[in-house]
Amino acid sequence: NAGVTQTPKFRVLKTGQSMTLLCAQDMNHEYMYWYRQDPGMGLRLIHYSVGEGTTAKGEVPDGYNVSRLKKQNFLLGLESAAPSQTSVYFCASSWEATGLRNYGYTFGSGTRLTVV
Amino acid sequence: AQSVTQLDSQVPVFEEAPVELRCNYSSSVSVYLFWYVQYPNQGLQLLLKYLSGSTLVKGINGFEAEFNKSQTSFHLRKPSVHISDTAEYFCAVSGRKLIFGQGTELSVKP
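Going line by line, the protein sequences match chains A and B.
Using my numbering, the first residue of the first sequence is number 2, and each one after it goes up by one.
Using my numbering, the first residue of the second sequence is number 1337, and each one after it goes up by one.
Isolated chain B (complex conformation) (with noise of 0.2 Å):
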């Protein structure tokens, strides 16, 4: 069975700070990993995702994540972010189908 477990339900930041998004996930299967963002009121865009090769993997937005497979993690990190980045985070794992985690919501503070 999949699953993914988000460890931080909120994170307050203050703008141009640094910035980790904490996923852990199991498998049983071969995993590929996903983060999505949703802004307040719209629907889940894609930030990134994890296939194969090179762990570190870049996405929109300046973000990337860090695939690890002996911790089972996939970190998302932004160097620094911006009031724009106000929004909530979804780390996924798809095998036979796509399983979310929690969410995480990152609340961006001038």
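Extracted from the complex, chain A is given alone in its bound form (with noise of 0.2 Å):
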């Protein structure tokens, strides 16, 4: 089924550790974007990518570094964990911005990080 999806869907880190998150569309979608969910702070936007070879700081950038070398891969980064950073993260794509064409925003099912 055409969609969006993650790796991994759980993990534990010890602090200071590094771990990459894989992103993959098979949409041809333009745009990909990470999302943070912490309880009661809704999702947040980490990084946004507007196309291939091109990304962009959201709202809460910091601690984190993404790469979209490859059209259908987005990659998220966290160079040194931190227990602050325990979350659910969330990859998404779109045709474009706005969310209007076809199906809009397509959600991945999320990756669960705990950092101890």
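Misleading hints may appear alongside valid ones.
[Claimed, not checked] Simulated pairs of lysine to aspartate or glutamate, EDC-like, Cα-Cα distance not exceeding 20 Å: (1) Lys71/A / Glu53/A; (2) Lys1433/B / Glu53/A; (3) Lys1394/B / Asp1421/B; (4) Lys10/A / Asp39/A; (5) Lys1445/B / Asp1421/B; (6) Lys58/A / Glu31/A; (7) Lys1433/B / Glu80/A; (8) Lys10/A / Glu80/A; (9) Lys1433/B / Glu31/A; (10) Lys1433/B / Asp63/A; (11) Lys72/A / Asp27/A; (12) Lys1394/B / Glu80/A; (13) Lys58/A / Glu97/A; (14) Lys72/A / Glu97/A; (15) Lys72/A / Glu31/A.
[Claimed, not checked] Stretches of chain A that chain B covers, calculated by requiring three or more beta carbons in the stretch to come under 8 Å of a beta carbon on chain B: (16) 31 to 42; (17) 85 to 91; (18) 107 to 114.
[To be verified] Okay, the calculated bits of chain B under chain A, using three or more residues with CB under 8 Å as the criterion: (19) 1372 to 1386; (20) 1432 to 1443.
Don't read these hints as lab results, they were simulated from the structure.
Beta carbons: idealized from backbone N, C-alpha and C, even for Gly.
Make the complex out of the two chains shown on their own, each in a separate frame, by following the hints.
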């Protein structure tokens, strides 16, 4: 089925460790996004990309890096994990920013990350 | 800049009662508005969206929302809720990117 796939689904890290979350979409979407979800704070945009080779900061970019080397993949990196980065991470993609075309935004099923 | 405020963090309601989940937004550009639902331990599902035209938008599962430009609001309503509507609901606005509100937990009790 077409959609957005996130790997891994669960991960436990120790403080100071690094890791990369992978988001892959097979809908040829131009735009891709990384969000984090925390209780009482909704989903906050970390970084986003408006096309292959581009990235931009969202609302809460500190402590994260991203890369979009291929159109279908958007990687989120944590260089030195901190307990404050314990969260559920969602990736999304869309044809364009407004989300009007076709099915709008398509979300992955999430990655639950715990930093101890 | 765009922003979204959901005015209630939790809404408890009895089964078959009506419910309204409130959402206010601000934006310096034309906006498009969305409501998403997240059932426990699941991802996000689109309930409905406002693009243009009629200010009353109907979505899935019997939900509807009304866009009010003068009050910058996009409240979600359902005339009669069911236990299965228990979930978290997110209002979102898109212009240059999709920005979410803080979420409202709807708890439907028998």
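Verification of the hints:
no., hint, in the structure
1, Lys71/A / Glu53/A, "holds (6 Å)"
2, Lys1433/B / Glu53/A, "holds (17 Å)"
3, Lys1394/B / Asp1421/B, "holds (16 Å)"
4, Lys10/A / Asp39/A, "holds (16 Å)"
5, Lys1445/B / Asp1421/B, "holds (10 Å)"
6, Lys58/A / Glu31/A, "holds (16 Å)"
7, Lys1433/B / Glu80/A, "violated (25 Å)"
8, Lys10/A / Glu80/A, "holds (19 Å)"
9, Lys1433/B / Glu31/A, "holds (13 Å)"
10, Lys1433/B / Asp63/A, "holds (18 Å)"
11, Lys72/A / Asp27/A, "holds (9 Å)"
12, Lys1394/B / Glu80/A, "violated (44 Å)"
13, Lys58/A / Glu97/A, "holds (17 Å)"
14, Lys72/A / Glu97/A, "holds (14 Å)"
15, Lys72/A / Glu31/A, "holds (7 Å)"
16, 31 to 42, "holds (count 4)"
17, 85 to 91, "violated (count 1)"
18, 107 to 114, "holds (count 4)"
19, 1372 to 1386, "holds (count 5)"
20, 1432 to 1443, "holds (count 8)"
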